[in-house]
Amino acid sequence: MGLEVLMSRQYPHLILAGLVRIGLIIYGVYHDKHNAVPYTDVDYHVVTDAARYISEGKSPFARHTYRYTPFLAYLLLPNINCHPACGKVLFCILDLVAGYLINCIIRLKQPVHVAVRHSLLWLYNPLLIAISTRGSAESVMACLVLLIIYSHLQGRVVLTGFALGTAVHFKLYPIIYSLPLYLSLEQQSVHSWEWFRPTRKRLHLVMSSGISFILLTYAAYFLYGWDYISEAFLYHLSRVDTRHNFSIYFYLMYLTVDQVIPGLGLVTFAHQLVLVLVYGIAYSHRDHIVLAMFAQTFSFVTFNKVVTSQYFVWYIVFIPLLASSLTFSCRKSCLLLGLWLLAQGAWLMPAYLFEFQGLSVLLPIWLESIAFFCCNVGVLTAILGSYWSKHEATAQYKIK
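Residue 231 in UniProt numbering sits at position 231 of the sequence shown, with consecutive numbering throughout.
These are calculated hints, taken from the structure and not from any lab test.
Note that CB positions come from ideal geometry on N, CA and C, so glycine has one too.
Fair warning: there could be bad hints in the mix.
Label-pair distances were calculated between CB atoms; the ranges are [claimed, not checked]:
no., residue 1, residue 2, range
1, 254, 390, 38 to 44 Å
2, 26, 262, 51 to 57 Å
3, 83, 310, 19 to 25 Å
Computed list of lysine to aspartate or glutamate pairs in EDC-like fashion (alpha-carbon distance at most 20 Å, straight line) [said to hold, decoys possible]:
no., residue 1, residue 2
4, 171, 43
5, 171, 227
6, 33, 43
7, 109, 392
With the sequences and hints as input, model every part of the structure.
Okay, here's the thing in C-alpha cells:
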C-alpha cells in the first residue's frame, strides 16, 4: 500500500518531468540545425561515433577522445540503428528513474509527502534537465549511486557491492564511497585499530564489488585489449587539462604545460585525498552515510584538477536526500543557491569571451575560479553545520 500511495503522488510529476525533457530534446534537434553554437554536448557526438564504430565491427576507441567504458557506447547503438536522439531519451529516462529512487530512499525514513516534495528538487532541476537533454550520460552514474544508497540502507550488502563495482567500472570516482560503506556495516569500536576489522558483511561488500568490477573490466579488456585500459583508466589517472574550467588549478596547469614540476600532481591530489578520508571515516555511521558520500563528493569535485558543470551532478544527487536533515530557512537556502549560481555566472562571462570572442582573459577566468572555489567551500561548510545542528537538536529532544 505504501508503494501505491507513493506512486500515486509521484506519477504526475514523472509524466510532467518526462514531457519537459522530451520537449527540450525536440528543441535541441531544431537548435542544432539553425544555430552556430550547438545545444547537444560534444561528448554525445563522441559516444555516438564510438557506437557507430561498434556497429561496423570496429573498436569504439578508434574514435579519438572516446575515454569511457565501451558499454556506454553499446547503450547508444540505437542512435545508429534508429534515431540520433535515442541516447538522449535513454538518459532522460534514467533521470526519471533517479527521481523515483530518490523517492524510495527518502520514504525509508520520511512520510510520503516529504519524499515526493524533495524528489522535485531533482526532477525539475534546470541544470539536470539541461545536462541530460544535451546528451550527457551523468544520469547513468546518478542511478548507480542512488542504487548503492538504497540497497545499503535496506541492508542488502551484496546488491550494494555489485552496484558499487559497476559504478566504479563506469567512472572511477565512486571508489571513494568504499570507505564509509565498509565502515558503516558494523558499529564502530572505541578502539580505532578495530574499525577496519573484516567481518562477514564487510567481506561480502568487498567480494561483491570486486567481482562486478573485475567481470565488467575483464569483459571490456577481452573485447578491446590495451586500448581500453589506456583510454578508460590510465588517461584519467594522468590527465592534465589545460583548457579553461572551474578548477582553481587550471591556470597553473596552463602555465606549466611544457614544464615538469616534481610533486605537482601529488600536491594537488593531497587535498582531495585527505578530505575524502576524513569525511569517509568521521561520518561513516550508518545514519550519516548520505552525508559522508555527499561531503566526499563535494570536496573531491571542488578540489579536482578538472571541474566541469557535469561534475556538479555528482553531488547534486545527494541534495534531495539531505534536504529534510538541514535546518536552512527558505531565505538562507535561496541565498546559498543564489551565491552558488552567481559565482558560476561570473565565471561563465569571461569564459564566453575567451571561447567565442577570442579575447585573452584567462587570468580573469582563473580569478573567478578562485571565487567559485571559495563559494563552494562556504556552501559545504554551511550544509555540514546545518546538518549537525539539526542532528544535535534531534538527539537532545529524544533525551528529554
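Against the structure, the hints:
With their beta carbons about 42 Å apart, residue 254 and residue 390 fall inside the hinted range of 38 to 44 Å. About 53 Å separates the C-beta atoms of residue 26 and residue 262, a value consistent with the hinted range of 51 to 57 Å. Judged by the Cβ atoms, the range 19 to 25 Å given for residue 83 and residue 310 holds: they are separated by roughly 23 Å. Our distance criterion of 20 Å between C-alpha atoms is met by residue 171 and residue 43, whose separation comes to about 15 Å.
Distance hint between residue 171 and residue 227 is fulfilled; the C-alpha atoms sit about 17 Å from each other, no more than 20 Å. A hinted pair counts as satisfied when its Cα atoms are at most 20 Å apart, and residue 33 with residue 43 qualifies at roughly 18 Å. Restraint check for residue 109 and residue 392: the C-alpha separation of about 18 Å stays at or below 20 Å, so the hint holds.
In this structure, none of the earlier numbered hints is contradicted; all agree with it.
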